Every structure is written in C-alpha cells, then in structure tokens.
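Residue numbers (my numbering), protein chains in the order written: chain A, 1 to 342; chain B, 1 to 539.
Since the hints were made in silico from the structure, they are not lab data.
Every value quoted in this text rests on a predicted model; they were computed, and no experiment measured them.
Some hints here could point you the wrong way.
To be verified - Computed Cβ-Cβ distance ranges for the label pairs, DEER-style:
id	chain 1	residue 1	chain 2	residue 2	range
1	A	77	B	79	32 to 42 Å
2	A	33	B	207	38 to 48 Å
3	A	145	B	282	29 to 39 Å
4	A	71	B	429	22 to 32 Å
5	B	399	A	76	45 to 55 Å
6	A	33	B	391	19 to 29 Å
7	A	184	B	403	34 to 44 Å
8	A	142	B	521	29 to 39 Å
9	A	195	B	165	50 to 60 Å
Heads up, the beta-carbon is just placed ideally off N, CA and C, and yes, glycines get one too.
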Amino acid sequence: MSLGVKSRRVLNRLLQAVPTIFGILVVCFLLTRALPGDPAAYFAGDMADEASIEQVRENLGLNQSMPMQFVGYVSDLAQGDLGVAISTGQTVTQELAKRLPASLELTLAALLLSLVIAIPLGVLAATRPNTWVDHLCRFLVTAGVSLPTFFTGLALLYVFYYLLGWAPPPIGRLDMMFLPPETVTGFYTIDSLIAGDWALFKASLAQMALPVITLALFTLAPIARMTRAAMLQTLASDYVRTARAAGLSGRRVLVTYAFRNALLPVVTTLGMVFSFVLGANVLVEKVFAWPGIGSFAVEALVVSDYAAVQGFVLSMALLFVSLNLLIDLAYTLIDPRVSEEE
Amino acid sequence: MNRRNFLKGATTLSVSASLLPLTQLLPRAAQAATDETAVVVFGGTINSLDIHRSGTNRASYQVAINCYDRLVSFGTKKMPDGSLSYDFNNVQPEMAESWEISENGTVMTFVIREGATFWNGKPVTAQDVKWSLDRAVSLGGFPTVQMRAGRLESPDQFKALDDRTFQITLPFPSKLALPDLATPIPIIINSEVAKANASPDDPWATEYLHRNPAGSGAFKVSRWNAGEQLVYERNDDWACGPQPGYQRVILREVPAQSTRRALIERGSVTASQNIPNKDAKELAEKDGVKVITTPIENCIYSLCTNLDFEPFKDKRVRQAIAWSIPYESIFEQAAYGQGMPMWGGSNEVTSIAWPQKSPYEENLEKARALLAQTDYKDGFEVPLSFNLSVADWAEPTALLIQQGLAKIGVTATIEKIPGANWRTIALVEKKLPLHLENFGGWLNTPDYYFFWAYIKGNLFNSYNYDDPEMTGLIEKTLDMEVTDPAYAPSVTRMIELAFEDIPRIPLWQPTLNVAFKEDVDGYEYWFHRQLDIRPLKPA
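Between the sequences and the hints, there should be enough to build the whole structure, so can you do that?
This is the structure in structure tokens:
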C-alpha cells in the first residue's frame, strides 16, 4: 500500500514540475532576449561590417520574430536539441554533458567533506555548549561564512601550491601528464577507479583537493550551525526529557531520539546549500581553471550566448526539481509522519 | 622528484603515442631531459579550429597560424631591445616557393612549393589554394572583410593554372594585396578532405573543419577538449619552414590571471600568453622567468570624442580635452610604464611613422583658454565610457581623465559597458560621446589605420569624424605603393589633420607581453598577437 501511495506522490510531484519548467523556459527565453547587446555584432568579430553582421544574425536565426524564435527553440528542444553555444563552439548538450559532471563532482565532494566535519561538530557543540568544541564550531562557522570563496581559494593556492608546493599546479581537472579516463559517470575519480587506474585516480583527487576544501569551508558553516541549533532544540524537548527519565542510555537518547529528529532541518539546509554552492562554484572554477558549468554559464551570459544560457537554466531547473524531490523522499525516510499526511 | 623536474624530464614521442598507457599523455618514467613538451597557459578559450567559421574568436586564430600554411609569410627583424618581431616590409615564401607580379601590378602568379604535402600525405596543389581562398571570400563575416582589405573579393580572381601554379588577378594594383595573404585568414586547406566532408547545406565543410583541421602546417591538433585544452603535435614532414623546437605543445585555458601568474612563477608552465602590464613589470624582476614586451604595431589606446555630441562639434572643445589629460600619470598608473608615450610630440609632423606622438600634453592653461573661447566656457557634463573587458587599463585611465577634465570644469561620469555590448553600442551604433578605444590595424601602414579610424561609417571611427579632405587622402593612399612620391606628403597631411581635428586623442601605444620560463628561445612578436609556437625552442 505504502509503495503505491509513495510512487503516486512521486509521479504527482513530477507532473507538478512540468508547468514550472515550462514557465522557467519562457521567462529565461524572454530574459536572455531582454539583455542589452547584440550577439550578432559580437560574434561577427573584430572587423565585421554591416553586411557580415547581418549574415551572422541570419545564421543565428535572430532575424526572425520573437514568437517564431521561441517556437523554433521549443520544437528543437522537444527533439533534444539544445542548440550550439557559439561562445565555445560546441553544442550545448555536449557542454552540459561534460561540464555538469565536473561541477557536480566538485560540489558533491565538497558537501560530503563538509557533512563529515559539520554534523559531528554541530552535535558535539550542542551537547557541550560553551566548551572549546562549541567555540571551535563558532569560529569555523563565522570564518566559513565571512570568507569569500575566491579569497579562500587564492589563499589556499598561495600557501599550498605557490609557497609549499604540496598541491599540484591548479590547471584544471587533471595534470598535463594525464588524459581523462573513459567516460562512464563523467566523474574523473569514479571513472578512473572503474578503469582501474590508480595513478589517474590519485592525480584527479590531487587536483580536486584544494577546490574541494575551499568549497567545503564555505558549505560547512550553514550545516554546522543548523545541526547545532536543531540539536539544541531537540535536546531541550519533552520527548528527550521523557526518554532520559525512562532511563535510556545517553547514546540512545542522543542518536535515536534527538539526532534523528534534528536531521529534518539539516536535510532542508543541505538542499539549500547544494543550490548555492553550485552558484558559488563559479569563482572557485575560475581560480582553479575547473571546466565546470558555472564558468560556462557566466561566460555565456556575458556575451549573450542565448542557447548556452537557456541550456544552463533548463538543466539547473531540472536538477533542482529532482533535488527537491529527493529531499522530500528523504523526509519520508527520516520522519515516518511525513508520508502519512495524505 | 618534484613536479618541475618531472615536467622538464618528460620527454616524449621518440616513443610513439600508441605505446603509452591509454590515460597518460607522457611516459612518466622518461627522464632524459630533452625538453620536448611545452605547456602554454592563456586566459581565453578556443572555440573553433576553423578561422573562417562565423563566431570564431580571436584566441582561436592561433590554430590557423600553427596548423595551416599560407602562400606567403613575413620575415623576422630584431627589435631595439634584442627581441624578435615579424617584419611587415619583408614578405617571405611559405607555401609559395616563389611568385611574380605582373608589370602593371594586377596579376600575381605563385609557384607552389615542390614536395609540400598535407598531413594525410596528399600533395598541396594550386586547386587546394583556390578552394581555400574561394572559401575565405565566400563564407562572409570577418574572413571576407579581411580578404577585402587586400582587394581579394571574388572567387573569379583566383585561378589554378596547373597543379603548382596559382594566379590572383586584382581589379587594380594594391600594396596591401601581398601582405594580406600573410595574415592568418588565407590558409590553405586540404580541399579533398574538406569536400569529402561537405554537404549540400554546408558546401564549405564548416562543421567538419570546425573540429578537424585539415592542413599542411607545422603542428597538428592531436587533442581538443573545448573549454580545457588543446594539444599540438609536431608535423615532422612540414615543408614550409625549419622544424619547430617542441614535439608537443599543450595549451591550457586558465581563466584567473592570478593563477596564471602563480603557474609561470612556480615554473609549472613554459609560457603565459598576453599578461597584463602590472605582471609584466613585476615578473621581469623575478628569477627564472623572462618577460618579452613588444609595442603593438599600428595600435594606439585613445580617448575618442564623438562629433555627434553637441559640445564636441566645436574643434576647440576637442582640443581643450586633449590639453587637459594627465598623460604622464596615466602612463605610469594605467600602463605601468609599459609601452610608448603618444603625447608631447613636436608641433610639426616631420615623419610618416605611425603611431607617432601627438603635439598635445597636459597643459591646463591652454585647455582653459581654448574652452573659454567656446560656448562651453562654463563647462558641461559628459559620460565617459569604457569597455569592461579591457578594464585593467581602461578603468584607471578613465578615472585619471575624469580628474583632468574636472580641472577645466568638465564633469565626466564614468560608464562601464560590458564587453558583449561594447561592439554594438560603441562601434556599430557609434553613440558614446566620450570613450576609450583600442583599435590596432593588422596591416602595418598608416593609411590602413586611417582607413578604419577616420572615414565616416567605418567600424573604428566610433566618433563619426567626417572630413572630405581626409577621406580623399585615405582613398588615394590606401592602394598606393609607399615608395610613390605622392605617398609621404599625403600621409603627412593626414596625420596633421588627425592632430588638428583631434577626434581621437592618442594616449599611448600598448605592448604585448608574454612571460616565458627562462630557458625558452625564439619567441617572435606578430601583429595578430597570438602565440606562434613554430619558432619556439628550448635553449
């Protein structure tokens, strides 16, 4: 029974996403066109004259009326064709397929690292308020929030690459000596393991280290704060008091009763953090020459590369619809009450 | 073994690539220090391997330079500081081993180099040259415009007389025709390969050549990961010049300038292309790095006064602006002292060298006196615009100009315009009253610069300057041989007019700065400002 209800709910959620995504398509289409600047003049190049600009405009299909352009865009989209990103000369599909995994690999690794540090830290800080652990937590949280990622990135680069020489040259996902592994997931670390190439795995991990630490410092803050606050709240709640009074072991009270209940707001925060880390990625990608989706989108936006911007927004919209769905599903796993609402 | 030694020791391709483990570009254990791989970092991105495609950006021109041959090229000259530069006045053979120009100057006959082959082994023929030049004049966009500068406009002008003889017919003689054939545009493409990959919709194989170069040049592209890197591999059968010093050159895109600087300073990379003046100045003092700085020919960073803007219609207002600029501090603070000052010259034009110093300098009394004679003696307000993608020099320059103008009662408000909009607003619509501009002409003659910058309607005349005498002089000199007795007096007059009317106020001639590891030799400056990797070699 519960499976049927659950899958119906998932389906329902997916259907609800359709108008949202269509709305995003329309808004994004209109917004890109509303940007000042003329992509035809830009892409026609340095010495272009009137005629050659006009020719480029025709090639780009920008000489048609807006509704016609939109119809063309949607019908291409229905066939899975996202168009060509002129600024990079590749199809948008190729760009996304290559860059999204690059960004996700970085983001997910950073989230994983920050979770591993932030959650125990938040729990410890909540259970031992005003001790050194709590102060450490407060320090890391303040530092993480107040240091901009490009600054942390540059500072880490300066110390660990420039001064100490521990980190490899920050020139992208792999050192010059290596070729990327055969694509399975698009994550170099995972693909190199699938290929069984340890040297390659180490190399890609080495390239990731500094950007991941940079991002993790940034994402650690909200997660640790939220864990600490939620834990404080649940620890002060009636059911924890009851559990304690019933003589349950401290460990059991902490993990089963307090922590599980504190997880809900943490998971919500995690969803939000994920979304803004994908945004914050841009700066880290620039500093570490990481060929990710953020730098691609910014460059595309700067030169009014319509197809690229639209493709990026669309993929982000899809990503977030599925992310929200995943988080909702996670709720039902953590808190049985959520699934019984209907 | 640290990374630096590792890179040094990484020898290659005496072992063929197929012997290497799949995921490694270089054999890790190879230690013999033959230094055959160079790593170059740059801030742009390569967006196509075909220079003729519409939308191909400037950084991608280097593929045309390194992977293709043209009929002719330029020789090399030594600069006063000992560095090397191409020599505009010395056209040298590339794919053409010799050529003849008819008595009346309109028919050019080229003999294709014997034994020259494309990468796939097919001999280079005059038919290939014809197909390639036809393509350049037919595809439209920038290639067609650049070809037109050399009076090369229609496929009818190109004829393959036999396999090794190629003929160009000009509508009238022009001194720009031969040098225009040495620009990156008129590359020679393997027409057999291209035609095999063309379609009725795409007769010029733009889709195929976009990703797959088919040339005869010194380097092949062995790998292109768009947005990340391009790997050049030497073509050992190259017929058109001495063998390049590097077996392989890896070109990596590193967007952050500070990262590029760290990489070259640490010695992780061989070269960093086009570095800002500030870094050029500071890196030059470091050990292990050498910076080569060359003034960019036929290029001036200028302040332009738009004649559509009411106050600037009065010549005296424009002159007053030119007298109010703090040139010296701009040169120190915005250019970090790199480049050639373009102010404080003599009152009389005595040479036709271009660029040359204008007679203006910072003289507030003169500026105020001139302004007092006009309707604008109480000052006026004007927006001062610059292109955000060149903010590294334009922003400090604009601020200093703003201060200078304030001293003569002109209130300038600074407007920053995003790079993508710049072309449309500044160059196409030409509606910015006061703006900073950085045009440089590829073909190094004054008339060519003036053609783009001082004829009404032309792209880099972003200030709507229109003077019948100037237009007449430019049209007269554009195709004229520089040795013609009428040439020098006409150009002198053009320069006099430009300084008298001063719609474009010269600030300084910029430089192209490239940083190398100390042990790299052979770098040569080129007007296209891209890195020609062919002459580079490890010392």
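Verification of the supplied hints:
In this structure, residue 77 of chain A and residue 79 of chain B break the distance hint of 32 to 42 Å, their C-beta atoms being roughly 54 Å apart. In this structure the supplied range 38 to 48 Å is violated for residue 33 of chain A paired with residue 207 of chain B, their Cβ-Cβ distance being about 26 Å. The given range of 29 to 39 Å is respected by residue 145 of chain A and residue 282 of chain B, whose C-beta atoms sit roughly 33 Å from each other. As the Cβ distance of residue 71 of chain A to residue 429 of chain B is approximately 29 Å, the hint placing it in 22 to 32 Å holds.
Remark: the range hint 45 to 55 Å for residue 399 of chain B to residue 76 of chain A is upheld by a beta-carbon distance near 46 Å. Taking the beta carbon of each, residue 33 of chain A and residue 391 of chain B are about 26 Å apart, inside 19 to 29 Å as hinted. At about 59 Å, the beta-carbon gap between residue 184 of chain A and residue 403 of chain B misses the expected band of 34 to 44 Å. Between residue 142 of chain A and residue 521 of chain B the beta carbons are some 52 Å apart, a value that contradicts the proposed interval 29 to 39 Å.
Taking the beta carbon of each, residue 195 of chain A and residue 165 of chain B are about 53 Å apart, inside 50 to 60 Å as hinted.
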